[in-house]
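Please build the complex by placing chain B on the supplied structure of chain Y, with the hints as guidance.
Chains Y and B supply the protein sequences, listed in that same order.
Sequential numbering from 1 applies to the first sequence in UniProt numbering.
Sequential numbering from 1 applies to the second sequence in UniProt numbering.
Don't read these hints as lab results, they were simulated from the structure.
Please read these numbers as outputs of a predicted model, since none were measured by experiment.
Check each hint, because a few of them may be wrong.
[Unchecked claim] Computed list of lysine-lysine pairs in DSS-like fashion (alpha-carbon distance at most 25 Å, straight line):
#1 K73/B / K342/Y
#2 K26/B / K93/B
#3 K305/Y / K265/Y
#4 K13/B / K109/B
#5 K348/Y / K361/Y
#6 K241/Y / K166/Y
#7 K241/Y / K203/Y
#8 K109/Y / K53/B
#9 K327/Y / K265/Y
#10 K327/Y / K305/Y
#11 K333/Y / K53/B
#12 K203/Y / K288/Y
#13 K342/Y / K53/B
#14 K241/Y / K73/B
#15 K36/B / K305/Y
#16 K237/Y / K26/B
#17 K129/B / K166/Y
#18 K73/B / K93/B
#19 K109/Y / K26/B
#20 K18/B / K109/Y
#21 K128/B / K93/B
#22 K45/B / K265/Y
#23 K348/Y / K53/B
#24 K53/B / K265/Y
#25 K379/Y / K265/Y
#26 K348/Y / K73/B
#27 K305/Y / K60/B
#28 K73/B / K265/Y
[Said to hold, decoys possible] Partial selection, computed: residues in chain B whose CB lies under 8 Å from chain Y:
#29 C47
#30 C99
#31 E100
#32 S127
[Unchecked claim] Sample of chain B residues with no beta-carbon within 12 Å of chain Y, all distances over it, derived:
#33 I40
#34 R42
#35 E54
#36 Y62
#37 V83
#38 Y94
#39 F95
#40 N97
Even for Gly, the Cβ is constructed at its ideal location relative to N, Cα and C.
The lines below spell out each chain.
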Amino acid sequence: MFGCDASFAYIHAINSINCGNVVCKGVGYLTCALCLPSESPLLILLVANLQKDLQSTNYLEVSSALTALSKLVNIGFLHAFSDQIIKLLSHGVEIIRKKAIIVLNRFMKLNPSLIQDFSNHFRRTLCDIYDTVMAVTLNSFAQILSDENQLPIYKDLISSFVVILKQIIDHRHHRHFDYHRMHRPWLQTKLLEILGILGENDKRASEQMYEILSEVMRRADDTGVNAGYAIVYQCLKTITKIYPNQTIIENAAHLVSRLLTAEKKNLKHTGITGLISIVKINPIYAIKHQLVVVDCLEDSDDTLKRKTLTLLYKMTNTTNVTVIIDKFTGIIKSASFDIHFKQEIDGKITELAEKFAPDSKWYIQTMNTMFEVASELIKPNIVNGLIKLIEEWREDDDIIEFTVTEYSKILQMNENIPDCPMQVAPWVIGEFSEYLQSESIGSIMDLLCKSLFKSFDDPTTKGWIFTALQKISKGVPSDQCRDLISRFSTSRNEDLQQRCYELAGTCTKLPIQLNFKRNFNIITNFKFLESYEQ
Amino acid sequence: MIHFILLISRHGKIRCSKYFSTYSNKEREKLQKEIKGLTIGRNSKLCNFLEYKEMILVAKRYASLYFVLGQDKEENELISLEVLQFFVEILDKYFKNVCELDIIFNFHKAYYLLDEMLVAGHIIETSKKQILRVIANQDEIMEDALVETETRSS
Chain Y
1 MFGCDASFAY IHAINSINCG NVVCKGVGYL TCALCLPSES PLLILLVANL
51 QKDLQSTNYL EVSSALTALS KLVNIGFLHA FSDQIIKLLS HGVEIIRKKA
101 IIVLNRFMKL NPSLIQDFSN HFRRTLCDIY DTVMAVTLNS FAQILSDENQ
151 LPIYKDLISS FVVILKQIID HRHHRHFDYH RMHRPWLQTK LLEILGILGE
201 NDKRASEQMY EILSEVMRRA DDTGVNAGYA IVYQCLKTIT KIYPNQTIIE
251 NAAHLVSRLL TAEKKNLKHT GITGLISIVK INPIYAIKHQ LVVVDCLEDS
301 DDTLKRKTLT LLYKMTNTTN VTVIIDKFTG IIKSASFDIH FKQEIDGKIT
351 ELAEKFAPDS KWYIQTMNTM FEVASELIKP NIVNGLIKLI EEWREDDDII
401 EFTVTEYSKI LQMNENIPDC PMQVAPWVIG EFSEYLQSES IGSIMDLLCK
451 SLFKSFDDPT TKGWIFTALQ KISKGVPSDQ CRDLISRFST SRNEDLQQRC
501 YELAGTCTKL PIQLNFKRNF NIITNFKFLE SYEQ
Chain B
1 MIHFILLISR HGKIRCSKYF STYSNKEREK LQKEIKGLTI GRNSKLCNFL
51 EYKEMILVAK RYASLYFVLG QDKEENELIS LEVLQFFVEI LDKYFKNVCE
101 LDIIFNFHKA YYLLDEMLVA GHIIETSKKQ ILRVIANQDE IMEDALVETE
151 TRSS
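Okay, chain Y solo, but in the shape it has when bound (with noise of 0.2 Å):
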């Protein structure tokens, strides 16, 4: 626990559990919960154990079996439990019933196909007189429904939920299940989940909460405290998530202003998580609340940033897409985020270039500026990507000549280039050469030959480059060349040294310049290999 290796202790741990006394057994039972790894073959030393223990008449031994089966079971020996936990399901005392079921749950978590085995049992339960077990068997119908295939199977339990959640916000249940004027806040938010999946894309059943949803809002929103405020939550989670309807869209609306414009921050963060979701639906209630959303991207704290970021993302159109991209470059400049955000942002900023750019040249402008600033962040299809948008500008002068000069600046101006522009500027660069000025031409060989001996991480670049001077160079043998193909074709790449040859051949062979045209004829008539098939 302090943070040394126990280990020494696990077979005495697993010792006292055989041990008669039950206190022993309870300190056996906990030790081994938190310390044995979950694949430790000492494992199988406490099946039989527990086996024996779950049977006991001493409610407490069943108790603390149970808590320890919770967490030590693995896959490969729930089936020797299945039988034993399904009869104690009908245990008399509800403490056991209560435990079991999650026991169940996580047995189903582990092994998805006993979903069908356990529904009914977990049915029955839902009816027990005692209140608690039912809450517990609720989040088994979570877990359940977070499969969609099940769905349509529970359908009919829509009515029975809305019924439970009436009983509580009436104060039905005992009185010790308040918690700060809330009644069991808990079983509240999970009931609202679970209405949120039965509900979504469906109108009928959608229907059938809109009422119980609005009442469930306003005696939570009275209260002002945070669990009241967590229900509040769970209820914009819900109501965004079914078939929606104008009136309750409305009062979801109405709480996010008033949690956006409260003064903790917990809240402020509640707020921007349930614009994110509102903006899904209608992104007119963002527009209201723009300058609070730009108060909270200045604000000290990460969370809250971070949350506004994705706002944003979730928010951005043609119009306002400049705006939302350079907003997030700063961020990637900046150095106070970690990797994996920065990542993230990376991105987003790609999907949200290529969905919305306003033009072909905005869109270049800003994928260079990417590797610029984000190099070590780009995900390698990114230039695949690139290029394919690149090819299909092909007819396009203008755009064309444009993205050329734009790679030939990169060139020119930068030292150490990383690996992706230096991917795609040599590409560029040999395909369309005769958009280049031919004056430039010399200088940009030169650069590309000196970059072949500059170090890359990829080891395909330097192929690029080749490729590209021997587009450049079109079979005319220059000194550069003959120097290249002489220092590299005995590289130790021997995709380099393949490149090295084909460079040498075009250069030697051919007497007069080569011209590429671009003539693809694709074939998909194999006729003429007919003759071969058997």
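For chain B alone, kept in the frame of chain Y given last:
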């Protein structure tokens, strides 16, 4: 679901740790180290929620202990904050004005309380009265068993 609960002292010592998902020992150490760095010394005026890998951490400081909880992204963070509050209230009621020393010297009791409240990452009992009743029964039976072994050995 809740993946783990950690109780960290102000000086970075883990007083109580309960994992509801499987993590190897190495992963646990790494997790604890990173979480210590993120939560200790955090300004109390800031948000109680932190994003960590693919989870959300809910952290709150009570006296000299940081209570940290790791949950899935889809869960309701505000209600998880209430889970921590509830746990503290139970500890307070059981130990009568709890302080860090109580948890250090009676960590097994703290774990028993946690086990009654949270199993496999879900909250199963939300009535303080119920939990304390069960633990009181358990204590009684354990006392009896201890007295019995003592009389037998003497």
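Of the hints given before, which are not true for this structure? When the structure is compared with the hints, numbers 2, 12, 16, 18, 25, 30, 31, 34, 35, 37 turn out to be violated.
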